[in-house]
Amino acid sequence: MSDPGFDARLGRLYSEAPAFPDADGFARRIEDRLARGWMVRRLMIGMAGIGGGVVAAWQMLGGGHLVTAVGGLSSSVGVAVTRGGQAVGQLHVLGDLPIGSEVLWMGLGLAALALVLVAARSIEEF
Amino acid sequence: MADVGDISGLHDVELAALAAAGRRAAFGELVRRHGSAVRGLLRRMGADAAMADDIAQDACLVAFERIAEFRGDGTFQAWLKRIASRLYLKRARRDLVRALDQDAADDAAAAPDAFADARLDLDEALRSLAPAERVCVSLCYGAGFSHAEAAELLNAPLGTVKSHVKRGLDRLRERLAGGETGRRVNE
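These protein sequences, in sequence, are chains A and B. In this note's numbering, each residue carries its 1-based index in the first sequence increased by 20. In this note's numbering, each residue carries its 1-based index in the second sequence increased by 8.
This is chain A alone, in the form it adopts within the complex:
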C-alpha cells in the first residue's frame, strides 16, 4: 500500500544531490567536448569545401573549361567595371525615388547594424 509520507520523504532524499569534489571539472570536461565537437564540424565542412573545390578545378582543367571560363571572366570583369561606372554616374537618380532621404538612411543604418551583428557573432564563434 502506498505511504504518501514515505513517498514524499523518498522523493526529497532523491532530490538531494550528492556533492562531488570534481563537479566543476566535470562541467569543464563537457564544455571542452562541446568545443571539440564544433571544431570537428568546422574542420569537416572546410575539408568538404576544399575537396569540392579541388574536384571542380580538376573537372574544369580536364574539360578545357578553365580557358573558356578565364576568357569569359576577363570580358565579364570589363563589362562589370563599365556597368559599375555607369551605376555610380546614375546615383543622383536615387534622389528622384518616391522615398524620403530618411528611409534611405534608415536602410543604410539597418545594413550597418546587420554587419555589426554578423561581426559580433563571428567574434563569439571564433
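Just so you know, the hints here were simulated from the structure itself, not pulled from any lab data. Every value quoted in this text rests on a predicted model; they were computed, and no experiment measured them. Don't be surprised by glycine CBs; every beta carbon is placed ideally from N, CA and C. Please note that the accuracy of each hint is not assured.
Restraint-style ranges between C-beta atoms, simulated for each label pair [unchecked claim]:
id: 1; chain 1: B; residue 1: GLU160; chain 2: A; residue 2: ALA39; range: 30 to 36 Å
id: 2; chain 1: A; residue 1: ALA77; chain 2: B; residue 2: VAL70; range: 38 to 44 Å
id: 3; chain 1: A; residue 1: SER96; chain 2: B; residue 2: SER16; range: 53 to 59 Å
id: 4; chain 1: A; residue 1: ALA28; chain 2: B; residue 2: SER16; range: 16 to 22 Å
id: 5; chain 1: A; residue 1: VAL108; chain 2: B; residue 2: GLU73; range: 46 to 52 Å
id: 6; chain 1: A; residue 1: ALA131; chain 2: B; residue 2: ALA86; range: 53 to 59 Å
id: 7; chain 1: A; residue 1: ARG56; chain 2: B; residue 2: ASP81; range: 29 to 35 Å
id: 8; chain 1: A; residue 1: ILE65; chain 2: B; residue 2: ALA76; range: 18 to 24 Å
Guided by the hints, dock chain B onto chain A, whose structure is given.
Okay, now just chain B, sitting in the frame of chain A:
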C-alpha cells in the same frame, strides 16, 4: 559575450535559451548546477562511478543537441535525468533484463547486507536492494517516471515493475526507519 559571472544569476530556462542559441558557456553553467544530481542518480540506479560519469557526460551532450526541445514545462534537472536514465537503461539493458526476470527470493538472497552500521542514508539503503528493485525505484522516485513509463523503458510487464517498486519501497522503508532509530539511539 557574457562571462560566467553574468550568466550564473540566470534561471535555468534562460540559460537553456542561451544554450539553444549556441552559447556553450550557458550550457556549462547548467551542467555545473545539475551535473552532480545526474551523476548521483545514475549511481543510485546501480552504475559504478566510471560508468555513471561516462553516461552523465553523454547525457549532457545529448541534452545540448536537443536543448531546443526543452520548453521549461518541467525542471531542467528532471529533463536531464530522464535523458540520462534512458541512456543508462540502453547500456545496461542486458543485465537489467536478467535481473528483472529473477525471482524475488533470489533477489533477496543476492542483496548484500549493508546494515552493520545503523547510520544509514539513501545510498547505503539502496545498496541493499536487488538490482531490479533499485532501478525500478530510482526510475520512479529519482527520475520521475510513472510505473507505466518505467515498464515501457524496461520493456517489462507493468505488474513486474510495480512489484519490484513495492518490494524495494518496503525494504527501503524498513532500512531507513532502522537508520532513523539508530541515529536517535546514538544521539
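Hints, one by one, checked against the model:
no.	hint	verdict
1	B:GLU160 to A:ALA39: 30 to 36 Å	holds (33 Å)
2	A:ALA77 to B:VAL70: 38 to 44 Å	holds (40 Å)
3	A:SER96 to B:SER16: 53 to 59 Å	holds (55 Å)
4	A:ALA28 to B:SER16: 16 to 22 Å	violated (31 Å)
5	A:VAL108 to B:GLU73: 46 to 52 Å	holds (49 Å)
6	A:ALA131 to B:ALA86: 53 to 59 Å	violated (45 Å)
7	A:ARG56 to B:ASP81: 29 to 35 Å	holds (31 Å)
8	A:ILE65 to B:ALA76: 18 to 24 Å	holds (21 Å)
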